[in-house]
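Residue numbers (my numbering), protein chains in the order written: chain H, 1 to 244; chain F, 1 to 261; chain Z, 1 to 254.
Hints may contain errors.
To be verified - Part of the chain F face toward chain Z, derived, beta carbon under 10 Å:
hint	residue
1	ALA73
2	ALA96
3	THR99
4	ALA162
5	VAL177
6	TRP183
Don't read these hints as lab results, they were simulated from the structure.
Just so you know, even glycine gets a beta-carbon here, dropped at the ideal spot from N, CA and C.
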Amino acid sequence: MFKKIVLTLAMLLCVSSSAMAEKTIVFAVDATWPPMEFVNSDKQVVGYSIDYMTAAAKAAGFTPVFKNVAWDGIFAGLASGKYDAVCSSVSITEARQKVMDFSIPYFKVRQALIVAKDSPVKSLADLKGEKVGGQIGTTGYFAIKGAEGVEAKSYDEVGLAMEDLSVGRIAAVVCDDPVAANYAMDQYKETLKIATIIETGEVEYYGIAVNKGNTEVLDLLNKGIESVSKTDYVQEMQHKWIGQ
Amino acid sequence: MRDKPVVIEVGDGAAIPDPRDEGLFTAWRISFFGTLAIIAYLVVFRPDPYLDIIKFLPDGIVVTFQVTFASIALALVLGLIAGLGRISKNTFFNLAASTYIEVVRGIPLLVQLFYIYFALGHLVRVPDMVAAIVAMGFCYGAYMGEVFRAGILSIDTGQTEASLSLGFNRSQTMRYVVLPQAWRTILPPVGNEFIALLKDTSLVSILAVSDILRRGREFASESFLYFETYTMIALIYLVITLILSKILSNVEHRLNHYERR
Amino acid sequence: MWNTDSTIMNADNPIISIQKVHKFFGTFKALDDVSLTVNAGQKVVVLGPSGSGKSTLLRTINRLETISSGSIIVDGQDVNDPGSDINRIRAEVGMVFQSFNLFRHKSVLDNLTLAPIKLKKEPRDQAEHHAMKLLEKVGMVDKAESYPVQLSGGQQQRVAIARALAMNPKIMLFDEPTSALDPEMIGEVLDVMVTLAREGMTMVVVTHEMGFAREVADSVVFMDEGKILEIAPPNRFFDHPVHERSRRFLEQIL
Chain H
1 MFKKIVLTLA MLLCVSSSAM AEKTIVFAVD ATWPPMEFVN SDKQVVGYSI DYMTAAAKAA
61 GFTPVFKNVA WDGIFAGLAS GKYDAVCSSV SITEARQKVM DFSIPYFKVR QALIVAKDSP
121 VKSLADLKGE KVGGQIGTTG YFAIKGAEGV EAKSYDEVGL AMEDLSVGRI AAVVCDDPVA
181 ANYAMDQYKE TLKIATIIET GEVEYYGIAV NKGNTEVLDL LNKGIESVSK TDYVQEMQHK
241 WIGQ
Chain F
1 MRDKPVVIEV GDGAAIPDPR DEGLFTAWRI SFFGTLAIIA YLVVFRPDPY LDIIKFLPDG
61 IVVTFQVTFA SIALALVLGL IAGLGRISKN TFFNLAASTY IEVVRGIPLL VQLFYIYFAL
121 GHLVRVPDMV AAIVAMGFCY GAYMGEVFRA GILSIDTGQT EASLSLGFNR SQTMRYVVLP
181 QAWRTILPPV GNEFIALLKD TSLVSILAVS DILRRGREFA SESFLYFETY TMIALIYLVI
241 TLILSKILSN VEHRLNHYER R
Chain Z
1 MWNTDSTIMN ADNPIISIQK VHKFFGTFKA LDDVSLTVNA GQKVVVLGPS GSGKSTLLRT
61 INRLETISSG SIIVDGQDVN DPGSDINRIR AEVGMVFQSF NLFRHKSVLD NLTLAPIKLK
121 KEPRDQAEHH AMKLLEKVGM VDKAESYPVQ LSGGQQQRVA IARALAMNPK IMLFDEPTSA
181 LDPEMIGEVL DVMVTLAREG MTMVVVTHEM GFAREVADSV VFMDEGKILE IAPPNRFFDH
241 PVHERSRRFL EQIL
């Protein structure tokens, strides 16, 4: 008898607390992509995307949890349900839209070509027969693969590609422009520079990826992103993280 | 006066099949032909995506073999030097070899790969493949050093004394008498290290060397077919290591001829 | 008959001269003030209980053991002088071991030809011709292509003697050559050694074979606790041992 009462009470507590609490959304982040998402000196995952989603969470009423995950396999983890969404500077592409759903865009991005400071290279076309690096499975890497006569070399992290570029093992790196700016103007300002912004024809946008049909999460995300995008906070974040 | 056979602890290489295994169904045959059958089935009946995956991999297989053979060659040379150093009476040589082995064995292979790869990058401009090979060879040289040392010490001192008493000096004794016999003891663990090294070359994919694993990952990251791609990668590694373990067991069998006849 | 002749003939020509040799293993005194000269053509048999230092003494002659003090001159060269070529000295001194120590990875013929080909640069056919003659001498011609593991102990030891002879040594050292053999094989090895003795080879033999000592030795050396206690012709040693410990040793053995 006593047992029954306890059990009933416990169940009631559970139901009420979950009904009252906000929905928690777990984001997978590959925090090797400064300034969009990276690990700071206090070992916290920070960056433009993180600030953006935190603001969106406040607006839409959910609790964000950021989980640091390696890029390669980040979509496999999403598919197998290890987290609800991928917030990791994911460009919205047709190929990706076939296997997952995307939120509305929260950032406009272009691909930048980074070369050594003393390099005369002006575009990917100048790099025929050379090795050019990019992070595996990124739009930057796909752009290299699409360039004729260029040997594409994939890296687990864009930072490793920058290191190989700085010691001369590869001729150039292609990645998202805010990231390129971060590396070429900060960490490697003595050795690297941005040669050009690659015109791929289409403009790329970052979106949050969720599993196909996960409308519950997607609706919350869209609601949050939409309300944040209308505020001045976007300019503030731009200034804070990208310096433009 | 038959010496007791010396058994050296084996590492994490593949199981070397015993050439005396008789009968139609041996573990090796089941694994090998089973793997081939699965690959054939997948490629023939599910060409999309398995045929596409397998078409994507050949240059990765070539790179894996290049890294493996170049690294093992380097590791054998370093291992022989380190092994001889460990039993040398020359204090400096002995200490240098022991320190090399201690240091290398105390650091995880992946960490060493990263370290040598990037450290080397700042010292000399070498291509990524060369850096990866130097890193692998350097690490495995230390493991080989212990194998060589154990192999040399397994040879009865009477052999050395007989050789010295005929007028051979120490290095001639090593070359004509000890090492040719030590090979018999050394070969099985060396074969094991060889296969372990082949498998460990998958680590160089982290260094952006386009081996089997990296090629596979590139395919998967574009197609999102993770399960299918890794299935094929695993099967291909398995076929390669099974073939190698068979070859090694045959070589080992041959080398034992003067003990068995 | 022959042994007395050779002794007299070479009386003033010591080919091995061991003077005041001490040898320590840590604090253990293996050789204690040992002096011994062996003339060319002489056959010396060293007797003594196990642990008496007789094998150690034998092994110092070709520097398989170094010495703590004293001197050893072999064929005019100081064995322990860093300036002398120890490998050249060793090539002149053949050695036969208790455990045969044939090269296990080489055939019988290759065991015999390895050193002449590599060290003396003899052409292979010449080395093999010589090797076959030696195998004939020890009665092992039909096993020329065999490997050591296929041979009995007695056969292995006969091949080991032939291998040592292949370098045409001036001196032969035997370190308990029959101790590891089954009794029925001892005879075949001793026969070869007796033949060698009759041909005038200088021999230093550590053994427990009293019959061989009596038949072949020019002099018998008795050792105990690292010291040489008695040096005498075999007849006198076996029939009238001088030292008390020699007597006790012979009582136990015979």
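Here is what the structure says about each hint:
For ALA73/F, the suggested interface contact is broken, since its CB lies about 24 Å from the closest CB of chain Z, more than 10 Å. The beta carbon of ALA96/F comes no nearer than 25 Å to any beta carbon in chain Z, farther than 10 Å, and the hint placing it at the interface is violated. For THR99/F, the interface hint is violated, since its Cβ never comes within 10 Å of a Cβ in chain Z; the closest pair sits about 28 Å apart. Contact between ALA162/F and chain Z, as hinted, is supported at the beta carbon level, the nearest pair being about 4 Å apart and thus within 10 Å.
Interface hint at VAL177/F: satisfied, since its Cβ lies 6 Å from the closest Cβ of chain Z, which is below the 10 Å cut-off. Because the beta carbon of TRP183/F sits about 9 Å from the nearest beta carbon in chain Z, less than 10 Å, this interface hint is met.
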